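Trainee: Throw the hints in and build the complete structure from the sequences for me.
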Amino acid sequence: MIKLIKSIPFHVKSAGKSVIRHLALTISSSSAVMVTLLLMSLFLLIAGNIGAFTKNIEEGLGILAEIDDSVSEQADLDALQQEIEALPHVEAVSFSSKDEQLDRFISNQDKSAQSLYEAYRGEGNPLHAAFDVSVDDGKNLETVQKALEKMEGRIVKADFGGTTTSDLVDGLSTVRIAGGALTLVLSCLAIFLISNTIKTTIYSRSHEIAIMRNVGATNGFIKMPFMIEGMIIGLIGAIIPMLITFFGYRYLYGVTGGKVLSSAMFTLQPIYPFVLQVCGLLLLAGIVVGLVGSFLAVTKYLRWKR
Amino acid sequence: MIVLENVSKEYKNGVHALRNVNLTIEDAEFVYVIGPTGSGKSTLIKLLDGEEIPSSGRVLVDDVDVGKLKHAKVPIYRRNIGVVFQDFRLLPSMTVFENIAFAMECVGESKVNIRKRVREVLELVSLSDKAKAFPSELSGGQQQRATIGRAIANRPKVLIADEPTGNLDPEKSIEIMELLERINEEEHTTILMVTHDSTIVNKLKKRTIALEEGYIVADIMKGGYLQHD
Numbered sequence: 692m693i694k695l696i697k698s699i700p701f702h703v704k705s706a707g708k709s710v711i712r713h714l715a716l717t718i719s720s721s722s723a724v725m726v727t728l729l730l731m732s733l734f735l736l737i738a739g740n741i742g743a744f745t746k747n748i749e750e751g752l753g754i755l756a757e758i759d760d761s762v763s764e765q766a767d768l769d770a771l772q773q774e775i776e777a778l779p780h781v782e783a784v785s786f787s788s789k790d791e792q793l794d795r796f797i798s799n800q801d802k803s804a805q806s807l808y809e810a811y812r813g814e815g816n817p818l819h820a821a822f823d824v825s826v827d828d829g830k831n832l833e834t835v836q837k838a839l840e841k842m843e844g845r846i847v848k849a850d851f852g853g854t855t856t857s858d859l860v861d862g863l864s865t866v867r868i869a870g871g872a873l874t875l876v877l878s879c880l881a882i883f884l885i886s887n888t889i890k891t892t893i894y895s896r897s898h899e900i901a902i903m904r905n906v907g908a909t910n911g912f913i914k915m916p917f918m919i920e921g922m923i924i925g926l927i928g929a930i931i932p933m934l935i936t937f938f939g940y941r942y943l944y945g946v947t948g949g950k951v952l953s954s955a956m957f958t959l960q961p962i963y964p965f966v967l968q969v970c971g972l973l974l975l976a977g978i979v980v981g982l983v984g985s986f987l988a989v990t991k992y993l994r995w996k997r
Numbered sequence: 256m257i258v259l260e261n262v263s264k265e266y267k268n269g270v271h272a273l274r275n276v277n278l279t280i281e282d283a284e285f286v287y288v289i290g291p292t293g294s295g296k297s298t299l300i301k302l303l304d305g306e307e308i309p310s311s312g313r314v315l316v317d318d319v320d321v322g323k324l325k326h327a328k329v330p331i332y333r334r335n336i337g338v339v340f341q342d343f344r345l346l347p348s349m350t351v352f353e354n355i356a357f358a359m360e361c362v363g364e365s366k367v368n369i370r371k372r373v374r375e376v377l378e379l380v381s382l383s384d385k386a387k388a389f390p391s392e393l394s395g396g397q398q399q400r401a402t403i404g405r406a407i408a409n410r411p412k413v414l415i416a417d418e419p420t421g422n423l424d425p426e427k428s429i430e431i432m433e434l435l436e437r438i439n440e441e442e443h444t445t446i447l448m449v450t451h452d453s454t455i456v457n458k459l460k461k462r463t464i465a466l467e468e469g470y471i472v473a474d475i476m477k478g479g480y481l482q483h484d
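As you go down the protein sequences, you meet chains A and B in turn.
In short: position in the first sequence from 1, add 691, done, that's our numbering.
In short: position in the second sequence from 1, add 255, done, that's our numbering.
By construction, these hints were calculated from the structure, which means they are not laboratory data.
Keep in mind that this is a model prediction, so the values were computed, not measured.
Every residue, glycine too, gets a C-beta built ideally from N, C-alpha and C.
Heads up, some of the hints might be wrong.
[Unchecked claim] Each pair of labels, with its calculated beta carbon distance range: (1) 887(A) <-> 425(B): 45 to 53 Å; (2) 698(A) <-> 315(B): 28 to 36 Å; (3) 887(A) <-> 271(B): 36 to 44 Å.
Mentor: Structure follows, in structure tokens:
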């Protein structure tokens, strides 16, 4: 073990030398790493933002539970609110009075009709006071709604937009899963491409590996510099995609003002820490894949000759 | 001590390279192995080097059963034997100095020792002025000498040389032979030298083993190249 640690500077040095002496191979395999990481970066950015979009939409969804007019005492209202808050999957409950409900209703009407509805303010207000119930996950909207409707006599009506909303929630989770799966598949593809490039790079040096064994180098001793070299190649290949991701995303964010289709629903992920996370992931992917790819390749060619 | 007991080697393509070979080489001996191409000389070297496994029989070098070594243990075994390859097998991306130093780095020698010993070895094979040259920049003879240098750097107990004078002019050949003899005498290294060079075999007489079609056809202690009719 001590011997291994002592030999690390030597291995790093010889890996560095090898990177420079096999410059053409280094450049070709790092550019392969670069291209695949660029693709990966693109998908990571898209998947990350789709995740955020769908989350935004889902968070906007809630249930409006209209309260029976018989429940008007503050104590009763508080008790009801606590009861709803205690329901499973309920995240937050906020009270909206009759007046506030009318405000909401009016603001949704035509300008000309607005003054007309103002007449209902006060005693003659036909609307019910309501609770805005937000749910932990879009999938649970229906469960919560059913539970609310069971509170007969106190809750008149619980509504969340019905099946269309359910469909929307289902659709969003499909989009999110598909995005994640696509990113995963592409990442696997990237890893495969990179490790294959490194394998061909090392193949051209399988002769060298055999010679090293001929002069008494153990398998571990041979593998070390190749693995470090793979890491260096991965690192070099990750630099440009990282820079492009960082500045590209910053530019995009600046141009769009952080919003796609200038809609509050489709807000882009803020630059920090999102873009740094993606960059970190790219760096990690480059290094790990370089390491694993070269490890597999050397191990394979070590077996080439006895 | 090198012992071959009833060693046969048949390759997958059906070629019988060695047939029932029995051979004992004592420590500090200097032995020539001669024979026409295809007689099994290279196979003999590969068996001793651990690159090939005998089809039957045993190859023992200092009581190590070479054919039974695990893949990972082969390089460690090789540290005790130096091999001068006919095709040199120098690492193309390393200078002559680094090539020789590499064999010592594998063993875990200290930097100071490596530097000292490599200079010494380069002096021995008269390549001091080519220390920083890459193998591709050397002539065949120079590469051959670099290979010899690498083989002897770790002071192996056994030195196997496959045509070490094959690419050298007579003058350089004599130099290399003197070097090998010196290593044999001073370091008591067992030397097994495969050669075609009848002049050397006839001039510097040593035990000579003649192979033909996989059989040992002669094992002459007094030396001298076989006279064929």
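Trainee: Hints first: check each against the structure and report whether it holds.
Mentor: Now for the hints, and whether the structure bears them out:
| no. | hint | result |
| --- | --- | --- |
| 1 | 887(A) <-> 425(B): 45 to 53 Å | 51 Å, holds |
| 2 | 698(A) <-> 315(B): 28 to 36 Å | 32 Å, holds |
| 3 | 887(A) <-> 271(B): 36 to 44 Å | 40 Å, holds |
Comparing the model with each earlier hint shows no violations; every hint is respected.
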